[in-house]
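Trainee: Each protein sequence line maps, in turn, to chains A and B.
131 is the number that this note's numbering gives to position 131 of the first sequence; each next residue is one higher, with no gaps.
To convert, take the position in the second sequence, counting from 1, and add 1000; that gives this note's numbering.
To be clear, the hints were calculated from the coordinates, so they are not data collected in a lab.
Because the structure is a prediction, the values reported are computed rather than measured.
Beta carbons are placed, not taken as given, at the ideal position from N, Cα and C, and that holds for glycine.
One or more of the hints may lead you astray.
Simulated pairs of lysine-lysine, DSSO-like, Cα-Cα distance not exceeding 27 Å [stated by the list, open to error]:
hint: 1; chain 1: A; residue 1: K95; chain 2: A; residue 2: K24
hint: 2; chain 1: A; residue 1: K35; chain 2: A; residue 2: K136
hint: 3; chain 1: A; residue 1: K136; chain 2: A; residue 2: K58
hint: 4; chain 1: B; residue 1: K1048; chain 2: A; residue 2: K151
hint: 5; chain 1: A; residue 1: K135; chain 2: B; residue 2: K1066
hint: 6; chain 1: A; residue 1: K159; chain 2: B; residue 2: K1066
hint: 7; chain 1: A; residue 1: K135; chain 2: A; residue 2: K159
hint: 8; chain 1: A; residue 1: K135; chain 2: B; residue 2: K1084
hint: 9; chain 1: A; residue 1: K95; chain 2: A; residue 2: K135
hint: 10; chain 1: A; residue 1: K95; chain 2: A; residue 2: K136
hint: 11; chain 1: A; residue 1: K159; chain 2: A; residue 2: K35
hint: 12; chain 1: A; residue 1: K24; chain 2: A; residue 2: K135
Computed spacing ranges between beta-carbons, pair by pair [claimed, not checked]:
hint: 13; chain 1: A; residue 1: T53; chain 2: B; residue 2: E1038; range: 48 to 58 Å
hint: 14; chain 1: B; residue 1: F1045; chain 2: A; residue 2: S128; range: 34 to 44 Å
hint: 15; chain 1: B; residue 1: P1020; chain 2: A; residue 2: A67; range: 40 to 50 Å
hint: 16; chain 1: A; residue 1: G93; chain 2: B; residue 2: F1067; range: 49 to 59 Å
hint: 17; chain 1: A; residue 1: V22; chain 2: B; residue 2: Q1078; range: 33 to 43 Å
hint: 18; chain 1: B; residue 1: N1049; chain 2: A; residue 2: S179; range: 50 to 60 Å
hint: 19; chain 1: A; residue 1: G109; chain 2: B; residue 2: V1021; range: 27 to 37 Å
hint: 20; chain 1: A; residue 1: H13; chain 2: B; residue 2: N1049; range: 41 to 51 Å
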Amino acid sequence: MSNVITPESPLFHADFAKLAEVTKSLDAGVELEEKAFLGHLNLRGNASDEAFTSGVEKALGVALPTAPCTSAQSDAVTILWLSPDEWLIIVDGGKEHETEAALRANLTGHFAVSDVSGGQTIVRLAGSDSINVLKKSMGYDTHIDNFPVGKVIGTAFSKTSCHMLRTAETEFLMVVRRSFADYMWLWLQQASKEYGLKVIA
Amino acid sequence: MFEIYCPYCEEHREEEEFHPVGEAHIQRPVDPEALSDEEWAHYLFYRKNPRGLHHEMWVHATGCRKFFNMTRHTVTYQIMETYKMGEQPSVTEGAKDDAK
């Protein structure tokens, strides 16, 4: 029996490498990419506890975003605010264990860190028509005044839900559950059909 | 569709993101063993169902996943306020006439 396990991303079956080859010269309004195999850590703790927030900052090198619907970013880590006592920490694939260890080393008392990397994936939606695709998919107002760059929202996306971070005026990262990734992929294909869809491997 | 103000996300969101959970401010009896069957049944199953102001619990299911409370008028459907768990409503039955 082989001990080598080859991980498969939730959208493995869609074969993005092949689709990227097919669509690479397309003049498309929507760009789609799966940010597979990143490290996802779910962190819970009391944001009004000074020891907790400073411990997280020491471990990650970024201050914890404690204001509602905000995010924080450095080269190595992205932190999304999920709720007043819950954050999603995204690091490069393979870094999740050392990040978790760093958090555990710097935190004491009432907190929780869980590695949820295998349970969800990130879909990057970009392109000049990406906003039009979002307008079809959810009720949330995507205007830049209401949804500025760096803001993160948890919302109903079509018939599933996702956490969405705006990283640029026409670029969004969507954190979606593994089991709903295929649904989202099918939905996004259909919703972006009229604008042209370019897949990035 | 309601536009509901989530007191934790601190903004209005579509009703689609929320689920109603039922009447708010129901306290679990401290000593259930001491209750009669009737009292226990009242705790479990009996709800107010008022015509007018109702304090109810909702959950921001696809957002921050926090439970919170809402004061809503069951006839007009008007949402008077939403407030965090553990807080008391500022709009109550006594102030109903003002709310109309």
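Trainee: Could you check the hint for me, namely that T53 of chain A and E1038 of chain B are 48 to 58 Å apart, CB to CB?
Mentor: holds (49 Å)
Trainee: Taken at face value, is the distance from the CA of K136 of chain A to the CA of K95 of chain A at most 27 Å?
Mentor: violated (36 Å)
Trainee: Just tell me: holds or violated, for the beta carbon distance of G93 of chain A and F1067 of chain B against 49 to 59 Å?
Mentor: The hinted range 49 to 59 Å is violated for G93 of chain A and F1067 of chain B, with Cβ atoms some 34 Å apart.
Trainee: Has the given pair, K159 of chain A with K35 of chain A, been kept, meaning a C-alpha gap of at most 27 Å?
Mentor: holds (22 Å)
Trainee: Is K136 of chain A close enough to K58 of chain A, meaning Cα to Cα at most 27 Å?
Mentor: Judged against 27 Å, a Cα distance of about 41 Å means the pair is violated.
Trainee: Need the status of pair K95 of chain A, K135 of chain A: alpha-carbon distance at most 27 Å?
Mentor: Violated, at roughly 35 Å.
Trainee: Take the C-alpha atoms of K135 of chain A and K1084 of chain B, compute the straight-line distance between them, and say whether it is at most 27 Å.
Mentor: The given pair, whose Cα atoms are some 30 Å apart, is violated under the 27 Å limit.
Trainee: P1020 of chain B and A67 of chain A, beta-carbon distance inside 40 to 50 Å?
Mentor: 28 Å Cβ-Cβ, so the 40 to 50 Å window is violated.
Trainee: Against the range 33 to 43 Å, how does the distance between the Cβ atoms of V22 of chain A and Q1078 of chain B compare: consistent or not?
Mentor: For V22 of chain A and Q1078 of chain B the Cβ distance comes to about 53 Å; the hint is violated.
Trainee: Within 27 to 37 Å: is that where the Cβ-Cβ distance between G109 of chain A and V1021 of chain B falls?
Mentor: holds (30 Å)
Trainee: Taking only the CA atoms, is the gap from K24 of chain A to K135 of chain A under or equal to 27 Å?
Mentor: holds (25 Å)
Trainee: Sort out whether K151 of chain A lies within 27 Å of K1048 of chain B, counting only the CA atoms.
Mentor: violated (40 Å)
Violated hints for the displayed structure, listed by number in ascending order: 1, 3, 4, 8, 9, 10, 14, 15, 16, 17 and 18.
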